[in-house]
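Using the hints provided, position chain D relative to the given structure of chain B.
Those protein sequences? They're chains B and D, same order as listed. For the first sequence, the working numbering assigns the number 1 to the initial residue and increments by one for each residue that follows. For the second sequence, the working numbering assigns the number 1 to the initial residue and increments by one for each residue that follows.
To be clear, the hints were calculated from the coordinates, so they are not data collected in a lab. Predicted model only: the values in this text are computed from it and were never measured. Among the hints, erroneous ones may be present.
Some chain D residues judged to face chain B by a derived CB distance under 10 Å, without partners named [unchecked claim]:
| id | residue |
| --- | --- |
| 1 | K9 |
| 2 | K17 |
| 3 | G203 |
| 4 | L207 |
| 5 | K294 |
| 6 | T295 |
| 7 | K300 |
| 8 | C301 |
| 9 | G303 |
| 10 | L391 |
| 11 | P699 |
Each residue gets a CB set at the ideal place from its N, CA and C atoms; glycine is no exception.
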Amino acid sequence: MSKILNVRNLEKTYISGSKKLKVLDDISFAVDAGATFSIVGPSGSGKTTLLGLCAGLDRSDSGTVELCGTDLNSLNEDQRALLRNKNIGFIFQDFQLLPTLTALENVSVPLELQGAEGAKQRAMELLEKVGLSKRIGHYPSQLSGGEQQRVALARAFSNHPKILFADEPTGNLDEETGEKVIRLLFELNKDTGTTLVIVTHDLDLAKRTQHILRLKGGKVLTNETTLVS
Amino acid sequence: MSDLPIKSKAGPDWILKMAWRDGKASSKRLLLFMAAIILGIAAVVSIQSFSENLQENIAQQSKSLMGADFIIDSSQLPNERVQAIMDSLGGSDAQEVSFASMAAFPKADATKLVRVRAITQEFPFYGTLETEPPSAAKRYHVSKGALVDGTLMMQYGLKAGDSIKIGESTFVIEGVLKAIPGSSAISTSVAPTVLLPYTEVEGTGLLQLGSRLDYNYYFVNSSEMDLDQLDRELDPILDAENADLDTHLSTSQRLGRTYDNFGRFLNLVAFIALLLGCVGIASSVHIYMKEKLKTVAVLKCLGATRRQAFLIYLVQIAGMGGIGGLLGTATGLALQQSFPILLQDFLPFSIELSISLKPILTGLFLGVSMSVLFAMIPLMGTWFVSPLEVLRVQEEASAPRKTTILILLVILVFVFLFSLWLLGDWRFAIAFVLGIFVTFAILAGLANLFMKGIKRFFPTSWGFIARQSLRNLFRPNNQTAVLVLAIGVGSFLISTLYFTKDMLLAKASLENSPNNPNIILLDVQTDQKAGVIQTIEPKGLKVLDNTPIITMRVANINGISTNTIRNDTTSTIQDWILNHEFRVTYRDSMMPSEKLTSGTFAKIRPNEGLIPISLSDNVARDAEVVVGDTMAFNVQGVLMKTVVGSIRQIDWGQMRMNFNIIFPPGVLENAPQFHVLSTNSPDSKTSAQLQRELVKSFPNVSVLDLRQILEVIQGILDKISWVINFMAFFSILTGIIVLIGSVRTSKYQRIRESVLLRTLGAKGNQILKITALEYFYLGILGCGIGILLSVIGSQLLANLVFDLAFVPSWVPFAILLPAITSLVVLIGLGNSRSVLRSTPLEVLRKEN
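Bound conformation, chain B alone (with noise of 0.2 Å):
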């Protein structure tokens, strides 16, 4: 199977004041195409740190990150973004949906970049699929969290993305309503073929995935298969 994600000693360090704290050390791991895979471990562990550089949302110190056959050094800032715009969905910890914007249009951004025609359709039909498709026109403001994670679950997915990243999906969410959330990722994962990676701290939630690697300070702990197929 080809791999999507491939990192490799890859090094991170933050400099606070006179300190310099290195977060990420030689870190080295793949991600098959298709494949769910869960980053895991205590707070402080460099796990957002590390979604950060995958995504290529920062840059390293060393190592590479090669994702979809790219390596995210060898690119600009709006290289990179072009890049998540073709290739990569989010899912965040605190949804992140623009708050000017209604969930349609939330749903529809990431395709309007791409100059997609019929954004507006497929952005109603994912979020058809998501359950919200009478609270298209609603704010964030004005949907529950639930459901704010259940369009930036469908934004996600309307760039029809290789891969997603998804930081503490349910961290903000109740129990009942964290794991409708979490289905609806793992189906909608399987019905497009999505390479999903999730960091969270939620080890039920991670020994669903396929692969588990452990941080703790900034170090691979281990790097596991599950027995999830």
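Only chain D this time, still in chain B's reference frame:
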């Protein structure tokens, strides 16, 4: 690289769509930003448009403003050469002789200094003589009556049919003189006009030697005559003969320039309002963009490029500026309709307003460019914000220092270029930009200093409410500096205007002491002197000055005749020195209003050598002479050789008998002369009685009642300051909008604070007090600094421009300070009402 696109496929239409979607949801806040510039633009556009209309009207009405095509005027009867020139032009089509004289109104038992204009009946050739009844304009020539200024008629309760006595003649008032070509209400306020038939002026007995007469000869142009060429060719020749040629074109150009200068000044006041609005925009957009950075980060995360993210908000701000510009322009064009009423006393003609494209384009351009420029620094944050912001809070995204400095430079250059366009002189434009920069910098600097001072010396012993309200001034994202700037600039403008007006009035005011003259008697002939004194002294009044006056002209300077100097194109000696008829006196001492700057003041004519005279510094400067240089004067046909013995600096502001040229005693005693006498009248009743008696016995003597003149000056200054205040008012209104904008912008922050405080147990009353106190500090700080700055500015004006001592009035401190502070508190509380009234849960629900 895989199949990565080179460029985003989302084009300008997507940018517009996103700007619209996002702007729609933030419309209330964007509207407030927009409001900040509407008034400034309205002020600029209204003055621009009005000035343009004024220039057009002046050009269109230039003939009616003069009443003829051109005029030859002189302060003496035309000599042979002037007469020959007039004859060569076909002779004048109408004539006028005018002079100042006392008029008596038997019905009201009153007298008043008036300007008598005796004109032949052909005048005016263009425009109209507006009278009430209209038929009086023609009839007064036939009936040999008079037309009298409307204000004067009203002042003394006169009606058509009453009589007016000028000199030896009594005339029936045929009607009210409402308008005469070329005269404005202001120009006739000191000596109102009385129009007489030309044929009747001789009978008044006032056309005698020593009277200050002006002769005007009106000409109607034949179509083939080039007036500019005529002006160029004849004016120098006539100048040499103490006459002057003015064409309707040159007069209207001069008039246009005068109004243009006033318009430019008002434009600057308006521009300050606009700049203030822009500072408000910069501040509001700063907070707006700070809140938008997360959205920008999400957009970047989803694949928007830096350019796309930046353009979305640039379009939004430019759109807001454009709409603000349009609304401002519309307001300005509506506002200019009020200007003819506002300025009616200053305008010598009626004005027809029209709408042209230039002010509209100016308003639109200003709206877009100013809002974009001033919002550029916070806008640049969209370029530099990292998409990583969606995952964790990053350091505040801001443009690199170099970019910020570059933007600030562009703003400065833009403001300079716009000022240059308004003022037409790069030195004034630099001075204006520097002045604005320094004022803004001082206000902002003091506000920052104040905040730092509070932080450093925080009054920990104060009660909770006072401490909390002080802390609010330096909360994160505070707008203290901007609010202090907005309030300060407005207060500074109003207060400076007040101090300046005060200074001008103080300079012109009279010291109320029996030794200071307040009544001046002009044109007293030598044989009348004893009689006039006999009229004054029995009333217990002292004759304070008894000054002889001899008229003369400069014949040569350092041996070079005035004609040679006139023909010398390299000479820089001022024309007026060569052409002016000087009124000269002789005395042996200097007056309190004079200060010797060089030489020795001659007390008596020396037995031999040239006559040592004393010149005022302005005459010496313009004649380019120093002590020891020689000058010859033509004293009514007799050449008198003199040497400059001394030079004096004169305080013309003191209402005294000041003279440019003073001879020593023993020279001019036998020359034809008239006298100026002065006295001090303790009250207006005595003054009126004296004037009545003098007019009865000595009709040629003109009486200047300085108190009345001061009232007129006060009236004129009041009118001018009203117009200026009207424009300054826009700054205040803009300041208020910036204030409202700022309160609204920080509303969410305040709500959170208020909710937290309430949750912790603060009562509504306590929160109200905290809010009120916070605005009280802002108001008192902004307004206080503004007034203090205006004291410094006025002191500089007093020292450098007016040259007088400045004692600040208490009025701005006692009235402006509490008034503006209260206004700030009221606006602050008014806009926080919903926050103060709602329960924490209610507020949180509403905001979420």
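The hints, checked one at a time:
1. Below 10 Å, beta-carbon pairs count as interface contacts, and K9 of chain D has one with chain B at about 3 Å; its hint therefore holds.
2. For K17 of chain D, the shortest C-beta to C-beta distance to chain B is roughly 8 Å, which falls under 10 Å, so the interface hint holds.
3. Hint status for G203 of chain D relative to chain B: violated, with the closest Cβ pair at about 86 Å, above 10 Å.
4. Checking L207 of chain D against chain B: minimum C-beta separation of about 83 Å lies over 10 Å; hint violated.
5. Annotation: K294 of chain D was flagged as interfacial toward chain B, and the flag holds, the nearest CB pair being 8 Å apart, inside 10 Å.
6. Below 10 Å, beta-carbon pairs count as interface contacts, and T295 of chain D has one with chain B at about 5 Å; its hint therefore holds.
7. Hint status for K300 of chain D: holds, given a least beta-carbon distance of 6 Å to chain B, under 10 Å.
8. Taking 10 Å as the C-beta cut-off, the interface hint given for C301 of chain D holds, the closest approach to chain B being about 6 Å.
9. Among the interface hints, the one on G303 of chain D holds; its C-beta lies about 2 Å from the nearest C-beta in chain B, closer than the 10 Å criterion.
10. Of the supplied interface hints, the one on L391 of chain D holds, with its beta-carbon coming within about 5 Å of a beta-carbon of chain B, less than 10 Å.
11. Because the smallest distance between the Cβ of P699 of chain D and any Cβ of chain B comes to about 83 Å, over 10 Å, the interface hint for this residue is violated.
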